[in-house]
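Participant: Protein chains in written order, with the working numbering: chain A, 1 to 436; chain B, 437 to 734; chain C, 735 to 1055.
None of these hints come from the bench; they were simulated from the model.
Misleading hints may appear alongside valid ones.
If we take Cβ atoms under 8 Å as the criterion, some of the chain B residues that face chain A in the derived model are [said to hold, decoys possible]:
1. R492
2. H506
3. D509
Think about it this way: if two alpha-carbon atoms lie no more than 35 Å apart in a straight line, the pair counts; the simulated DSBU-like pairs of lysine-lysine are [stated by the list, open to error]:
4. A:K361 - B:K691
5. B:K691 - A:K173
6. A:K314 - C:K904
7. A:K120 - A:K163
8. A:K409 - C:K828
9. A:K294 - A:K156
10. B:K691 - A:K376
11. A:K314 - A:K53
12. A:K308 - B:K691
13. A:K62 - B:K691
14. A:K53 - A:K327
15. A:K361 - A:K275
16. A:K327 - A:K421
17. C:K828 - B:K691
18. A:K53 - A:K176
19. A:K409 - C:K904
20. A:K314 - C:K810
21. A:K396 - A:K176
22. A:K134 - C:K810
23. A:K176 - A:K275
24. A:K308 - C:K828
25. A:K308 - A:K421
26. A:K256 - A:K376
27. A:K134 - C:K904
28. A:K130 - A:K308
29. A:K421 - C:K828
30. A:K308 - B:K677
31. C:K801 - A:K396
32. A:K176 - B:K691
33. A:K256 - B:K691
34. B:K691 - C:K769
35. B:K691 - A:K276
36. A:K176 - C:K904
37. A:K275 - A:K408
38. A:K134 - A:K428
39. A:K163 - A:K361
40. B:K677 - A:K336
Even for Gly, the Cβ is constructed at its ideal location relative to N, Cα and C.
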Amino acid sequence: MPRNSRRAVLAGLALCLAATAVACSNDTGKKSAAGPVEIDYWGWTDIQPVVDKFNATHTDIKVKFVKQADLPGTATALRNTVAAGSAIPCLAQNFGDVPALLSEGLLTDVTDYVKPAESKFNATALSGAKVQGKYYGIPLGTGPTFMMINRAAYDKYGVPVPKTWDDVIAAGKALKPHGVQVMNLAGEDPSTLVNLIVQAGGSWYSVQNDAWKVDFLSPESVAAANILQQLVDNGLVANQTYQDRPALIAYFDQGKMVSLPTSTWQLTNYELHFKKTIGDWEPIDLPQFAGATKFATPAHGNALLVPKGCPHPKEASEVGIWMNTTKDGIDATFDKTTGAYAWPGAMPDPSPWIDAAVPRKLFGSHRSEAEAVINKASASGVDNWLVGPNYTGVFKELQDQWAQAVTKKITFHQLLENMQKFTVDDLKAKGINVAN
Amino acid sequence: MTTTAARRRRYDDDLPAGHHPSKVSRILVWTGLVFFLVYSIAPVWFLIVSATKDQRDLYTTNGLWFADFHLLDNTRDLFTYHDSIFLRWMANTLLYGVAGTVGMTVVCVACGYALAMYRFRGRGVLMGCIIASFLIPGALLTIPSFLLYSRLHMVDTPWAIIVPHFFSAFSVYLAKVYAEGAVPPELLEAARVDGAGEYRAFFTIGARLMTTGSATVFLLGFVGSWNSFFGPLVFLRGEQKWTVMLGLYSWLNIKVDQSVDLTGLVIVGAIVSLVPIVALMLSMQRYWRSGITLGSLK
Amino acid sequence: MSLDLKPKPLTTPPADRAGDTRSSGTRWRRTVALKGASFTVPFFAGFVVFTVVPVIMALSKSLYTAKSSGLGFGDKTVSFSGFENFDRALHDGKFWGSLWRVALFAIVIIPLIQVISLGLALLLDSVRRRVAGKLRIAMLVPYMSPGIVATLIWIYLYSPAVGPLTPFFKLFGINANFYSSQLIWVSVGNLMAWGSIGFNMLIVYGALQAVPRDIFDSARVDGASEWRIAWSIKVPYVRRSLVLVSVLGIIGTLQIFSEPLLFRSMTPETVTKDFTPIMTIYNQAFAVGDFNYAAALSIVLALVVGLISAIFYKLTNKAPA
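So here's chain A without its partners, still in its complex pose (with noise of 0.2 Å):
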C-alpha cells in the first residue's frame, strides 16, 4: 500500500489545492452601480405586498424580498452566508432571541439608527433589539396573549370563568370529573413555563458587573412552577402535541379541552377549523397570579435582525423602521384570504387594526369582547426578561426538562435546579464570566 497511496492522497491534496486557490482568485467583489440602495430581506412569512408598498413610496432604497423555506431554514442560511462573509442580506425575519444571536456574531449593531427614531415604537417593545443598551435589530413587539376559553362548556358544568391562575386550577378540578381538560400543555413548549414567568416580571439571566447572574430559582420562577406543578399533579391538563394538527383540533372541538393562553395571529387557524365549538369561544383577560398588584401579560418581544455584514445598514433600519411603524407598513400587510393584518405589535396603539383580528365566527356573540380583551392585553405588557448568550442551548436542553416535568418525571422545581446547574456550567464551559 505506502508508496501508491501516499503518492494519490498528495495528488488528491494537490488538487483540492488548486481548487480553492482558483476559487479565491476569482473571488472579487462587485462594486455596486449607482442608483437607490438595494436591500434584500429574508423571511419565510411572504411580505411581498410589504415590499412593494415600500418600494413604490420611496426612491433612494429598493427592498428585494428573498422567500426562505421555514425558521430552521431561515437560520441555517443566515449563519452559512455570514461565514461565508458573501452576499450577506440586510434584513432577515427574526429566528430567535438578539442576545443569543449575537453572541453568535451573526449581528450589527444599528443603535444609531434605531435610537433617533426610539419615540415611535412601543415602549415595551425596545427591550428585545437591545442588548447592553444597544440596537441590534428593529424592534418588533409581541402579540397581545390573552385567554381563549369555550364558554358554553365553562357554562355547561357551572364553571366559573377564572380570573386568575389558581382560578383555572380550581376550574380544571371541577371540569376533571366530567372527562374535560383545562388546558394543553404541549410536550414539546414550554413556552407556558416562560410567559408564566415574564408575566411575573422575572428573568433568568441578569447582568453584574460585566458577568452572568443565573437565577432559576428566583420568587417568580417558583410561583410560575407551582401553578404548573398543580395542574400537572391533579392530572387537570391535556399532553396534546402541535405536530398531529388534526388531534389537536379533534380535542379543542369536541369540547375536551377548554382554555387556551392564546394570541391574535393563532384565532383566524381555529375560524378555520373548529365546526362542532365555533361561536362557543370566548376571549377572557389573561388569568393573574393571585395577589398580583398590577394586571399584566407576558410581552417579551422580538427584533427584525440586521446581519453582521450587511453593508447598508442605515438603509435596512430605514426600510425597518418603515415596515414596523408606519401605517402605511402595517396596512400593506393585509391578507385577503384571513381578513387580518400582521399584528404591528411594535406600534404605540395598536387599536386600528384590532377589529381586523378577530374572526367573525370563532366568538359568537361574545365578539363583541374582544377588543376590550386585546386592547388591555397590549397595553399591559411586561418585559423584564433578559435572554443570556447561550440561551439557544439552553432552550433544547429546557424543552428536555419540560418534557421531563409535564410527564411527572421530575417536578417543575427540579426542573429549575437541573437549568440552573446547566446553564452555569455551559457559560463557564464557552469561556463567559459567570457571577454565581
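Using the hints, position chains B and C against chain A.
Facilitator: Frame of chain A, contents of chains B and C only:
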C-alpha cells in the same frame, strides 16, 4: 458464457422459477404478496382520500373515508396558488433532476466501468475512498460545503444542486458491480485484438452491455434528486428557484407560526409530485427487467 | 450476470502480439491501464472538490476550540487545541449513550428488515415475471415517496386520537399508543421498514434473477421441493447482496436522524435532544453553537460506523458460501 445467456433468455420472460408449485404453496405465496402489497400501498390511501377534502374536513372528518368531494378545486388551487408557483417548482425539479442525473450517469458509469475492467495504480485507494465516503455523516459537511460552494460562486444558482449530484460514490459502486457482471473481459480483449482503442471499446461494447446498469443508476439517481430537499434548502434562495419537495416542505410548515394552513395543498401536491416518478419507473421497466444486482464490497 | 465475483483476469496483452518483446508488452499494458484510469478522472476530480475538500475543512475544524469571554458577546478567540475535542468526545457519556441506544435498535431492526426483504424477493421470484414486475412497482411506492409525504401519512396513521391503527389494534384487545415511549422504537422501526423494504427487495430480487435457471431444473430432477430450492440454492446465491444491503442498513441506522426527530414532538420525554448520535451532533453544531466539537463527534461517529461495518462484513463474508 454465450450458451448460458441464450438459455437464460429462453426462460426469462414468463416462466416463474418454480415449475409446478403445489396449491398450498401458491396460496401461501399469494397471501404473503397481498399482505406486502397492502402494507406498501394502503398508507397511501389516506393521502388519496385527503386530496379530495377541503381544509376544514381534512382535520375534522374520518381520514380514511371521503367527505365532500373537492379534488378538482384542490387541484385547481394547487396549480394556481401564488401565481402557479407549483408548476415552476415542478419545472425546476425536472431541470435539476434531468441535468444532474444525466451528468451523474455518464461520470459514474465511466468511473465504475474503469474500476471494474482495468487494474491501475491507485485503484485500491480510489475504491477505498468510495466506500469510506458512505460513512461520512452529512451533518459534518453542511457548513464546509457551503463555504466551499460560496467560494466557487455556486450558492444560489442551480449549479449548486446539479453539479455536486454528478459525483455520487454510491452510483460508481453500483456501476462497478454492474460492469463486473455484464462486461466479459474476453470481449474487450477481442476488441483490442481487432485494433479498437480503449475509448472505442467503451462506447461500442462496455456502455452497450451496461445499459441495464446505467438505467438503474439513472433511475435511482433521479428518484434521489427528485426527492432531495436538503441541498435546495441550504443552497437556494428565493422560491422561484426551489424544488417541489422544498416548496411542499415550506407550505407544510407555514401553519407552525402563521394563520394560514396549506396542508391540503401539500397533500395534493405530494400526489402530483409522485406522478413523474411513477411514470419514469413504468417507462424504464423494459431496460430494467432484471433489477439490480449487487455483489461484494471489493 | 453472476454474483460471486472473483477478481477478473484483468487485461493482459496477448503474448503472441506482433513484434512482441517483454518491454513493449509492459508498456502496452501500462498504456491500456492508463487509458482505463482516465475514465475515472472526471469522477475523482469532482469527488475531491465536493467531498474530500469539505471533509478536510471539517477535519481541521475539529482540531480547534473557540472560546468566548466577558459577557459572551464579543468575537470568539479560536485556538489550536490538538485532540482536545476528540478527548472530550471519547468521554462524552451522552454521545456514547445515544450510540449504544441506536446500536441496540440496529441489532433488532436490520436483521428484521433483511429477512422480510429476502422473503418478499423470494415470493416475487415464485410468480410469473410479468406479474412480479407490476407488483414490484407497487411495492416500490414507499421508496419513491419522499420523506415529507411519509411523515404526513404516518403522523396520521399513528395518531392515538384520530388515526385508524389504535382502534384497529383495540379490536384484538391490544392497547397501542404509537406515540408512547414504550412503542417509540416500534414506531420508528416500522417507519424505516416501510421506506426501505422496497429498495432492499429490489436489490435482492435483482440478484435472484441472476441465478442460472438450470440449477433449479437439476435440483427438481433430484426431487428437491420448492422450499428446499429456495433455502438451499436461492438464499446462498443472494447472500452477498444481503450483506451489502445490511452494511448500508447499518450505516443508515447508526446515523438515523429524521425519524426520531419526528417523534420528538410526540414523546419529548423519551426522544431527548441527544437521542441519537446525529441528533447530538446537530444540537452541538446548531443549538450550542460548538461546530468544532460537532466536527470531532462526526469523525468519531464515522470511524465507529466504519469499524462496525467492516467487522460485520468480515464476519459474514468469511462464512462458507
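Participant: Each hint needs a verdict: does it hold in this structure or not?
Facilitator: Results of checking the hints against the structure:
no. : hint            : verdict
1   : R492            : holds, 6 Å
2   : H506            : violated, 14 Å
3   : D509            : violated, 14 Å
4   : A:K361 - B:K691 : holds, 20 Å
5   : B:K691 - A:K173 : holds, 32 Å
6   : A:K314 - C:K904 : violated, 64 Å
7   : A:K120 - A:K163 : holds, 33 Å
8   : A:K409 - C:K828 : holds, 19 Å
9   : A:K294 - A:K156 : holds, 31 Å
10  : B:K691 - A:K376 : holds, 27 Å
11  : A:K314 - A:K53  : holds, 20 Å
12  : A:K308 - B:K691 : holds, 29 Å
13  : A:K62 - B:K691  : holds, 30 Å
14  : A:K53 - A:K327  : holds, 11 Å
15  : A:K361 - A:K275 : holds, 11 Å
16  : A:K327 - A:K421 : violated, 46 Å
17  : C:K828 - B:K691 : holds, 33 Å
18  : A:K53 - A:K176  : violated, 52 Å
19  : A:K409 - C:K904 : holds, 27 Å
20  : A:K314 - C:K810 : holds, 26 Å
21  : A:K396 - A:K176 : holds, 32 Å
22  : A:K134 - C:K810 : holds, 19 Å
23  : A:K176 - A:K275 : holds, 23 Å
24  : A:K308 - C:K828 : holds, 34 Å
25  : A:K308 - A:K421 : holds, 32 Å
26  : A:K256 - A:K376 : holds, 28 Å
27  : A:K134 - C:K904 : violated, 60 Å
28  : A:K130 - A:K308 : holds, 15 Å
29  : A:K421 - C:K828 : holds, 17 Å
30  : A:K308 - B:K677 : holds, 25 Å
31  : C:K801 - A:K396 : holds, 21 Å
32  : A:K176 - B:K691 : holds, 30 Å
33  : A:K256 - B:K691 : holds, 22 Å
34  : B:K691 - C:K769 : violated, 57 Å
35  : B:K691 - A:K276 : holds, 21 Å
36  : A:K176 - C:K904 : holds, 25 Å
37  : A:K275 - A:K408 : holds, 33 Å
38  : A:K134 - A:K428 : holds, 24 Å
39  : A:K163 - A:K361 : holds, 24 Å
40  : B:K677 - A:K336 : holds, 26 Å
Checked against the numbered hints given earlier, the structure breaks hints 2, 3, 6, 16, 18, 27, 34 and satisfies all the rest.
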